[in-house]
Each structure stands twice: as structure tokens, then as C-alpha cells.
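Residues per chain, in single letters:
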Amino acid sequence: MNDFVKAMSAAASGMNAQGFRLRVVSENVANTDTPGYHRKTVSFGNVFDNEVGANRVTVGGIKLDESPVEERYDPSNPMANEAGYVEASNVNLMLEMSDGREANRSYEANLATFQQARQMYSSLLDLLKR
Amino acid sequence: MDINAFNAANTYGAAQKLLTPERQSAGVTAPKISDESGFNPEKLVSELSNAVGKSENAATAYMAGRADPHTVVEALASAELAVETAVTLRNKVVEAYQELMRMPV
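As they're listed, the protein sequences go chains A and B. In case it helps, the numbering used here puts the first sequence at residues 632 to 761. In case it helps, the numbering used here puts the second sequence at residues 60 to 164.
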């Protein structure tokens, strides 16, 4: 395995991780109005791939954001509890939007390194073709 | 399409066997092609066969819905580069041979 292939492997793992992150973000956004929904957060981990010989990124796990859910006072709502409060989710759309944007930017960065590694190796081979 | 067309890895594997030094039985000692300088054609061929085999596995797994697209793109890109390397080196070797053949004796 040469270093260009390792770079491409690491970039592909990064793209995969950012894709997963975007999935979690869209799940949070989709569940904004779900009563009692706690938003999910993703953590990443570094793992050394022995087969490739490169440090790749993996999804460490999904955790629930344990902050309290938003409660709205609405006694006429059929979902209201005895005190007259309706549970909403603890999803902050502003936070999710910036998280999604960050996933997008990080994905683009990984894509750029992937293309860069491929292009560098191709130009190296072009040197032999002349 | 013939499913055997996907089995290019087998052919590369056969080519790999040809390069293993088992020709001593014919009384001919195989020339030692790898040295300390790091150039190792056997390793190159085995890496090519590995990369192509991996890309085929990834493509079939993706078609069956078992692999993510990033793995497929990565495997296909590395197989493309490996094949390109092999073809470029082969062309160079053939070119050198033809240059020798054109030499007036």
C-alpha cells in the first residue's frame, strides 16, 4: 500500500463518518415536534486500520442529549399532563443547522483530499508515460 | 453478461503464481528479481490482484445493498490506480524490449 492509497482510505472513512453525522442531524430535525424526543449526538473515534495501514475515523457511538425537553403550557391540548404542560423535544433547530453545515464542510474537505491524492498519483504515473 | 468477466482476479492470481520462484525443478535457477533497493515485482503483482479483487467484492456487495458507497468509491479508485500503474510499467518494459529488438546486430 502506498501513501496515496492510505490517504484515500482515510478520506473515504471521513466521508463515511460525516455522512453518518448528517443522518443523525436529519433524524433530529425530523423529530423536532415529537413529544419527549431527546436529540442524539455523535462522537467520533480514531482507529488504526491494520490492513490498509492508515488511521481512519469511525463513529464512536450515539448518545442522547439528556437536557430537559421543552414544556409548553397548553391545558387544552389532549397531550397535556395533569399540570397542563405539553412535552416537546429538546431539539434546537439552530444547533442542528450548524451541525449539518459543519458535516457538509467536513465532507467537502475529505472529498478534496481524496481527489488530491488521486490526482497526485496520476500525475506521478503520467511522468512514466512519456 | 458472462459472470466470469467479473473474475479477473483469478487471472491476476494465476499471473501471480507464474512469478513465484518454483522454476528450479527444470534445472534453471530463477533470477532474483527483488533486491534491497525496494523494487519488488512480485509484491506489485500481488497488490494489483488484491486491489482488483477488493474492488470487485465491494461492487458486488454494494449492488446487494451490503456496502456503503464510500467503500466502493475508495476500492474502485485504488484498483484504477493499481491497474494504471501495472499498465504503465508493462508498456515501459515492452518499449524497452522493442528498443532492444530494433538494435542492428
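Hints are not guaranteed to be accurate.
[Stated by the list, open to error] Cβ-Cβ distance ranges computed for the label pairs, FRET-style:
#1 B:K102 x A:D680: 16 to 22 angstroms
#2 A:K671 x B:A126: 22 to 28 angstroms
#3 A:V660 x B:K151: 52 to 58 angstroms
#4 A:V678 x B:P128: 44 to 50 angstroms
#5 B:Q157 x A:N686: 26 to 32 angstroms
[Stated by the list, open to error] A few chain A residues that don't get close to chain B, going by computed Cβ distances all over 12 angstroms:
#6 S640
#7 A648
#8 D664
#9 N686
#10 P699
#11 V700
#12 P709
#13 V717
#14 L724
#15 N735
#16 F745
[Claimed, not checked] Chain B is nowhere near these chain A residues, computed Cβ spacing over 10 angstroms in every case:
#17 T665
#18 F675
#19 K694
#20 Y716
#21 E718
Worth flagging that the hints you see were computed from the coordinates, not collected in a lab. Idealized CB from N, CA, C, for every residue including glycine.
Checked hints:
1. B:K102 x A:D680: 16 to 22 angstroms: Holds, since B:K102 and A:D680 (Cβ atoms, about 19 angstroms apart) stay within the stated range.
2. A:K671 x B:A126: 22 to 28 angstroms: holds (24 angstroms)
3. A:V660 x B:K151: 52 to 58 angstroms: holds (55 angstroms)
4. A:V678 x B:P128: 44 to 50 angstroms: With Cβ atoms ~20 angstroms apart, the hint is violated.
5. B:Q157 x A:N686: 26 to 32 angstroms: violated (44 angstroms)
6. S640: Not fine: 6 angstroms to the nearest Cβ puts A:S640 too close to chain B.
7. A648: violated (9 angstroms)
8. D664: A:D664 clear of chain B: closest Cβ-Cβ about 30 angstroms, beyond 12 angstroms.
9. N686: Its Cβ never comes within 12 angstroms of chain B, the nearest being 15 angstroms, so this holds.
10. P699: holds (35 angstroms)
11. V700: At roughly 33 angstroms from the nearest Cβ of chain B, A:V700 sits farther out than 12 angstroms, so the non-interface label holds.
12. P709: holds (41 angstroms)
13. V717: holds (39 angstroms)
14. L724: holds (28 angstroms)
15. N735: Holds, because the least Cβ-Cβ distance between A:N735 and chain B comes to about 15 angstroms, which exceeds 12 angstroms.
16. F745: violated (8 angstroms)
17. T665: The claim stands: A:T665 keeps its Cβ more than 10 angstroms from every Cβ of chain B (closest is about 27 angstroms).
18. F675: A:F675 is indeed farther than 10 angstroms from all Cβ atoms of chain B, at 15 angstroms.
19. K694: Given a closest Cβ separation of 22 angstroms, the condition holds.
20. Y716: Non-interface label stands for A:Y716: nearest chain B Cβ at 42 angstroms, farther than 10 angstroms.
21. E718: Non-interface label stands for A:E718: nearest chain B Cβ at 35 angstroms, farther than 10 angstroms.
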